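Build out the structure end to end from the sequences listed, making use of the hints.
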Amino acid sequence: EAQVTQNPRYLITVTGKKLTVTCSQNMNHEYMSWYRQDPGLGLRQIYYSMNVEVTDKGDVPEGYKVSRKEKRNFPLILESPSPNQTSLYFCASSPRDYHLAYGYTFGSGTRLTVV
Amino acid sequence: EDKVVQSPLSLVVHEGDTVTLNCSYEVTNFRSLLWYKQEKKAPTFLFMLTSSGIEKKSGRLSSILDKKELFSILNITATQTGDSAIYLCAPGRVDAGNMLTFGGGTRLMVKP
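Heads up: the sequence lines are chains A and B, in that order.
Each step along the first sequence adds one to the number in the numbering used here, with nothing skipped, and position 70 is 122.
Each step along the second sequence adds one to the number in the numbering used here, with nothing skipped, and position 49 is 52.
Careful: at least some of the hints might be erroneous.
Restricting the straight-line Cα-Cα distance to at most 25 Å, the calculated cross-link-like pairs of lysine to any residue (SDA-like) are [as the list claims (entries may be wrong)]:
id : chain 1 : residue 1 : chain 2 : residue 2
1  : B       : 40        : A       : 140
2  : B       : 43        : A       : 112
3  : A       : 121       : A       : 76
No lab work stands behind these hints: they were computed from the structure.
In this text, all values refer to a predicted model and were calculated from it rather than measured experimentally.
Structure (structure tokens):
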């Protein structure tokens, strides 16, 4: 089944403790992206990657890191999480020319709470 | 800076009603506009619109884009409780890594 898999689905952590949210897709998509969703703010892009070893900042990159060493994986790293990073996170992927592929495929989301 | 505004923020209707959801946008290098439905988890794709004035339909849902006035509407006729969700619009750009800019969403609740 074609899908984007995120782990974990839920995570509660403490301020300053490094964490990684994994994202993997099995559709051979070139493009991958991370979004965070907060009430009333819609989805805001954190980072995106056009292909292996190519990453770039989205609208809200502060406090996050990403890497794209393999085409299928795009982990999101929070080196020192803070409470304002409490949010619902989505990973998404698409072929490079997304207009042919009806938009992004989203993962199921990771609900992160930083206390 | 790109801007997407959806209205209303929330809406409560009864089954059988017709609703119209609005999305206005200011996006440089506009390419297309997507509508998503989000229930309890990930957004799911509804429509992609690239041309003005051409209505896209899927069952009771339809959508249209006006590239001159920079807005799109999503219509849902004969609403059902299963239509309860957050509806997100997202204009996409030609550049910037195919980036979609999402609106804040319209929360629709359909009561029996």
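Is residue 43(B) within 25 Å of residue 112(A), Cα to Cα? Holds - the C-alpha atoms of residue 112(A) and residue 43(B) are around 24 Å apart, at most 25 Å.
Please work out if residue 40(B) and residue 140(A) have their alpha carbons no farther apart than 25 Å. holds (16 Å)
Need the status of pair residue 121(A), residue 76(A): alpha-carbon distance at most 25 Å? Answer holds: residue 121(A) to residue 76(A) is near 12 Å, not above 25 Å.
Hint check: no violations occur; every hint is consistent with the structure.
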